[in-house]
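Residue numbers (our numbering), protein chains in the order written: chain A, 3 to 286; chain B, 8 to 381; chain C, -1 to 270; chain D, 2 to 375.
No lab work stands behind these hints: they were computed from the structure.
Honestly, I wouldn't trust all of these hints.
No more than 30 Å apart at the CA atoms, straight line, and that leaves these computed lysine-lysine pairs for BS3-like [said to hold, decoys possible]:
#, chain 1, residue 1, chain 2, residue 2
1, C, K172, B, K123
2, D, K316, D, K337
3, B, K123, B, K113
4, D, K26, D, K120
5, B, K355, D, K29
6, B, K113, C, K41
7, D, K337, B, K355
8, D, K70, D, K140
9, D, K90, D, K27
10, D, K296, D, K349
11, D, K278, D, K349
12, B, K23, C, K261
13, D, K70, D, K26
14, D, K120, D, K183
15, D, K120, B, K355
16, A, K285, A, K198
17, B, K192, D, K26
18, C, K64, B, K23
19, D, K146, D, K183
20, C, K261, D, K26
21, D, K70, B, K348
22, C, K0, D, K183
23, B, K133, C, K97
24, D, K45, D, K29
25, D, K26, C, K0
26, D, K240, B, K348
27, D, K90, D, K29
28, D, K337, D, K372
29, B, K348, D, K193
30, D, K316, B, K40
31, B, K355, A, K285
32, D, K372, D, K349
33, B, K355, D, K90
34, D, K193, D, K219
35, D, K45, D, K146
36, C, K64, C, K41
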Amino acid sequence: MPKKTFSPIFLQVPITVIIWSLVGFVLAWLIYSFLYSTPPGGQPTFAALNNIITMFSDSRLFNAVLRTIYYAGVGTAIEVLLGMLVALALVNFISNSTVRFAVLMIFLTPMALSEAIASHTWLMLLTPQGYLNSILRFLGLPAVGWLSESMALTSLILADVWQWTSLPLLLIYAARVSIPQELYEMASLERLSAFKTFRVVTWPYIRNAVVVAALLRFIFMYITIDKILLITFGGPGFATETLGYYIWMQSFSYRNISYAATLSLATLIGATIIAYIFWRMMKR
Amino acid sequence: MKQFLPTIKLVDICKKSNGSLILKNINLEIPNKALYVVLGPPRSGKSALGRIIAGLDTPDTGRILFDDQDVTNLGPVERNVSMVFQDFALYPHLTAFDNIASPLRKLKLLKEEIRKRVLEVAEYLKISHRLTHYPSELSGGEKQRVAIARALVKGAQIIILDEPFIRLDLKIREDMRAELYRLQKDVGVNIILLSSDPIDAMVFSENIAFMQNGEIVQVGNLTELYDDPKNISVARYIGVIEMNFIPAKITQENNRKVLDTEIGKMALPTIPQLLEDEILIGIRPEHIHIGEEDVPSHAGNIFTFEGRVKIAEVIGSETIVHLDVGLAEPIRVLVPTIYKKNPGEVLKATFNMRDLYFFDVSGRFICRGGDILG
Amino acid sequence: MKLSRLLGLIGLAIFGLFIIGPLYITIITAIKNINDVFTIPPKLIPYTDFEPSSEAFDFIFNTRGKYTFITSLIVASTATAIALIPSLLAAYGFSRCPKAAMNDERSFFTLLTLRMVPPFAVVLPIFLYWNQLGLFDTYPALIWTYTVFSVPLAVWLLKGFVDEVPPSIEDAAKVDGYGFLDRLRKFVIPILGPALAATIALVWLFLWNEFLFALKLGGSRVVTYTAYLPQLRVGQRIQWNVLGAIGVLGAIPPLIILILFRKYLIRVYLGR
Amino acid sequence: MDDSYVEVVTSLVSIFLDKITKIFKKGKTSIIAVKDVTLEIPEKTFVGLLGPSGCGKTTTLRIIAGLEKPSSGRVYFGDVDVTDWDASKRNVAMVFQFPALYPTLSVYDNIAIPLRASKVSEQDIRRQVLEVSEFLGIKDYLNEKASKLDINLRQKVAIAKVMVRDPSVFILDEPLTVVEPKARLELRAKLKEIQLKLGKSMIYVSHDQSEVMTLSDKIAVMNNGEVLQYDTPENLYNKPRNTFVGWFIGNPGMNFIDCELTEESGRVYLTTAEGFKYDVSFLPNIYDIASSYRKVIFGIRPEHIALSSRGVRVKCLHIERFGSMMILHVEAYGRKIRAKVPQTSQVKVGDEIYIDFNKEKIMLFDPETGKAII
């Protein structure tokens, strides 16, 4: 090896320059705005303490967090459970592998689409005079207030389930087909019941995929607000105002820059923690 | 690039990898124009040594000399060394022809010159009919030939092969060994063979260095390592089937010193002082005979013992009979024919005490039975 | 045994309907004229329920609609191109020298966290950043932002791919006399081949579908097709059929990429 | 599935395959994995299915186990036609190449689970599991999780799972290939003991001839989906029915030379164009063979060739020394053959030496069909 080898650090310089050219400013700005708030035309005053107090006493924030936990939690649970059922059904009930793969491809199409397209597709379905209600009326059933105050958040979950059940489906299907066939043959040779076969053969292999899928879905529903921004604008009232949407309003509508930065920092820290959990999971 | 075949000297080579010493001051001289086998169990540091000789890695301390030129910090190209890797390392996106030609392209030779030399080497290694195929379409043996051709084509003066046969199945291995032997004799280039298979040491028996835990344990030709192993690990490793070891104590019996072992007492005419009280006797399976037919000639030093058959293991055209004699490990006996026995039968076995090996308790070789019995 | 198989297949069929239904509705809305969109009874089957019309697509091609797709194409492709080589170098570092400084697992983890950054938490500072530079509503602003946010995904995918190129092949190239850049150009990249194409496609797809940054960093001149959608809902009468048409056009590249690179899709999430 | 089926099957012991054929359809191409195999597996015998990879031995095994349906032909357990029974009804116990253990269950539960499926009392289960794990030396791992064990232990547990059941037949698909050499020897002895102790027939598939020759009472050598010879190990070695069996059994395999049978002044000679000539008049009914066969393939095992003062003049090309034996690569009139002779130092590479063939061990084969004539 010729002596003048350059050290591997050089390999990382290009992306570091690219990333820190923007992320550097973003972090600095967030911390600065959290510490000091500058009213338009005024002098910057120390506001960190004030921001924290406001945060913990902000009931609207508290409700937004609750709604986020409901939205991300329930959404993830449905998507992972439905994804698992469909994955296992695909493998058990469709034996021809080409047909099975074609059906899987169809089921995965929504995840390739952009959130914007999916949001407008579901806007057409959920809007009061939309397709869902017109079909219901056509069948003689009463129309449903899909985007009404009580139903709006659940309808958003339905839209997200439609687009993202495909992710747990993909991960669990991949885990399921990686199970060596000998284990199922051994189970049939030993005359194990269907439930017992699931418990001792299938579950141990797909458990990791289920957990990883749940983590991924939870964090993506926590950090994505596209559907809320495009279908319900956080409404009606505060019915679908999640944490993300609240920060969006603080940033761009109410222009409480310093408070918005505080909340943004908090969510960034939350995201990093979940990413760390995901990283530990991935290493196992 | 003058064509000379240097002798390779390794002086006090040490190498650490993630914290632990994998090469402990290696001193070795590899003669030129020879096929040199570095033998040792897996993870004994052979590959690390090979990479250092090739110039892919540099040692932490120590120097490498080609004749008397210090090449420690030179790369594989400047040393004109090439290497054949365990997984053949063929470029999957290039045809066999381009794989072999790749070192020549780097030397910016004329297209016509490259073509001539590649065809010549491919012809020699009987692979010219497969040059247009991609590595994924080649068989194990063919991949091996392309890898060797690539190493040969640029006229490297030293070729290092890292476990070349481990990926080939049994029947192909025999042919490839004969091929390598012929290649070294015809081309006369230095070949260093890193291997964990004792059979390689047996086939290429002129120069062998036995390595273990990053150290060179013994250097010599096959008969030296076979007849006078430095310690138990060499004795155990060299040989078609692993040597048997029997613990023994020197005791007094009607005022004569006798070797007391699990399989009986051995009356030796003289017991040299160098034998402490507790020793370890080694006897090779091929030196033990079962049944009466082929008892060796000079019957004087014959020792017979009995054992219960644990299993009669057929290997190729020979059989290894495992006799349980009450020791932790059964005694292995090599019978040169197909010799089927069911577990449980009691058999008589004999060996000539001249063939014994004596080791001290720490495993260091003391002497052979022949040295005592004269 | 037969019954459970039947029930299973029916279940799959229902799920299939749940997936295909909304897609079908988007397509038929795109080929309706505005009055046929919401009617009772619903018009679901072309030619029998309604006369398909190209009203929506004509609208797009006669107005600035088509420029939004071109903008999306330019922004996504340029950002992917810029991010590719730096990401490949970094991925090579993470894969081949995991012990070296800045190439170790901890730095790889910081890249992973960038993928989990909530967009809504950083869009304001980025908006102000480009404003202060006087680059609001310009191509470089959006392209550079997309480049920064595509690097983590690109490195994540490429690291998985470089791991699968056996190191012994590079050793063989070293023995043949090839230096670092030659090894990368003549061996690592060609061997990656289809994997490289998959990375480009998947990163491009991620940028083609982006919405939040496009909405806030673009104004009137730089408008991607995703940012154009909300603009169609201003005004008294929402042009549902145009929304459907844009949805259909915007879905074509993702579906092509999904089919072409289906084998690699799982790597976006698992890295291997 | 009422239990009467199960009782019927456990008491049966002999297995009969009647003209079994299996064709796999991959898109348009169809591969004949098993071609018209008829095999009688008597009770209480250890039968080996041996052959290179892809010869149809595993498919045949899976057809017996019921994991694969034959395209044509019938499978009989005793005189009950079980062709259409699926695996769970045939009460077959199988050990796969990779240990098929339930990863999250403990070793104890892995072994006990088949017994729990067939209504055996918990104490009985405990007693049987303890007895089996004692025998296989895995007693102190019973509470360990299966996924935590190393590959050798996992395969021992897989064997324990098979032993506790009272199956109609034991089926083993290359069980020892993944096991390390040391543990492999011990497991071979155990498998032989299990078969003798439980008195059930055992069908053993492997491509490793030494394993199959060691364990089997009878071996079916298969190639390209057909059974070439079904015989005891000794007969396969001494009287191979065709050139493939001769080549495949024994290490290194049988030498083959294409010759003509020429009659000259009342004697019959094996001759080749290049001048090889050997008198074979002593062979039984050689004269009518000579009349019906112009060309023959002369087969002789390397270990049935001896150095002698007269006989066939050959040139020594290469020597492989193996302790007490050595393999000479010699050239007889342009034909390369190998001889395995006791170690001597007289012979050196390049010498012209004389070799002679062991008269009783000479074989002649039909060049077209490869079938043995003598």
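Here is what the structure says about each hint:
1. In summary, the hint linking K172/C to K123/B is supported, as the alpha carbons are separated by about 24 Å, within the 30 Å threshold.
2. Between the alpha carbons of K316/D and K337/D the distance comes to roughly 10 Å, so the proposed pair stays at or under 30 Å and holds.
3. For a cut-off of 30 Å, the pair hint linking K123/B to K113/B stands: about 16 Å separates their Cα positions.
4. In summary, the hint linking K26/D to K120/D is not supported, as the alpha carbons are separated by about 40 Å, beyond the 30 Å threshold.
5. This hinted pair does not check out: K355/B and K29/D have alpha carbons roughly 62 Å apart, beyond 30 Å.
6. Among the hinted pairs, K113/B with K41/C is inconsistent with the structure: their alpha-carbon atoms are about 69 Å apart, more than 30 Å.
7. Only pairs whose Cα atoms come within 30 Å are accepted, and K337/D paired with K355/B is rejected, the gap being roughly 40 Å.
8. A distance of roughly 38 Å separates the Cα atoms of K70/D and K140/D; the hinted pair therefore is violated under the 30 Å criterion.
9. Distance restraint check for K90/D and K27/D: the Cα-Cα separation of roughly 29 Å lies within the 30 Å cut-off, and the hinted pair is therefore satisfied.
10. At roughly 34 Å between alpha-carbon atoms, K296/D and K349/D are farther apart than 30 Å, so this suggested pair is violated.
11. A hinted pair counts as satisfied when its Cα atoms are at most 30 Å apart, and K278/D with K349/D qualifies at roughly 24 Å.
12. For the hint linking K23/B to K261/C, the alpha-carbon distance of about 40 Å lies beyond 30 Å, and the restraint is violated.
13. The straight-line distance between the Cα atoms of K70/D and K26/D is roughly 13 Å, inside the 30 Å bound, and the hint therefore holds.
14. Of the supplied pair hints, the one linking K120/D and K183/D is violated, its CA atoms being roughly 38 Å apart against a limit of 30 Å.
15. Simply put, K120/D and K355/B have alpha-carbon atoms about 49 Å apart, too far for the 30 Å limit, and the pair is violated.
16. The suggested pairing of K285/A with K198/A holds, with an alpha-carbon distance near 29 Å, which does not exceed 30 Å.
17. Between K192/B and K26/D, the direct Cα distance comes to roughly 50 Å. Violation of the 30 Å bound is thereby established for this hinted pair.
18. Using a Cα cut-off of 30 Å, the hinted pair K64/C and K23/B is violated, with the two alpha carbons roughly 63 Å apart.
19. Among the hinted pairs, K146/D with K183/D is consistent with the structure: their alpha-carbon atoms are about 23 Å apart, no more than 30 Å.
20. For the hint linking K261/C to K26/D, the alpha-carbon distance of about 24 Å falls within 30 Å, and the restraint holds.
21. Taking the CA atoms of K70/D and K348/B, the gap is about 37 Å. The hint is violated against a cut of 30 Å.
22. Our distance criterion of 30 Å between C-alpha atoms is broken by K0/C and K183/D, whose separation comes to about 49 Å.
23. The straight-line distance between the Cα atoms of K133/B and K97/C is roughly 43 Å, outside the 30 Å bound, and the hint therefore fails.
24. Between K45/D and K29/D the alpha-carbon distance is near 42 Å, which puts this suggested pair outside the 30 Å criterion.
25. Our distance criterion of 30 Å between C-alpha atoms is met by K26/D and K0/C, whose separation comes to about 25 Å.
26. A distance of roughly 20 Å separates the Cα atoms of K240/D and K348/B; the hinted pair therefore holds under the 30 Å criterion.
27. For the given pair, K90/D sits about 33 Å from K29/D by alpha-carbon distance, which is inconsistent with the 30 Å threshold.
28. Pair hint K337/D plus K372/D holds up; C-alpha atoms about 22 Å apart against a cutoff of 30 Å.
29. Our distance criterion of 30 Å between C-alpha atoms is met by K348/B and K193/D, whose separation comes to about 11 Å.
30. At most 30 Å may separate the alpha-carbon atoms for a hinted pair to count; K316/D and K40/B meet this at roughly 25 Å.
31. For the proposed pair K355/B and K285/A, the alpha carbon gap of about 58 Å is over 30 Å, so the pair is violated.
32. For the given pair, K372/D sits about 37 Å from K349/D by alpha-carbon distance, which is inconsistent with the 30 Å threshold.
33. A C-alpha spacing of about 48 Å is found between K355/B and K90/D, which places the hinted pair above 30 Å, so the restraint is violated.
34. With a CA separation close to 13 Å, the supplied pair K193/D and K219/D stays within the 30 Å bound.
35. Between the alpha carbons of K45/D and K146/D the distance comes to roughly 34 Å, so the proposed pair goes past 30 Å and is violated.
36. Restraint check for K64/C and K41/C: satisfied, since their Cα atoms lie roughly 28 Å apart, inside the 30 Å limit.
Taken one by one, the earlier hints fail for this structure at numbers 4, 5, 6, 7, 8, 10, 12, 14, 15, 17, 18, 21, 22, 23, 24, 27, 31, 32, 33, 35, listed in ascending order.
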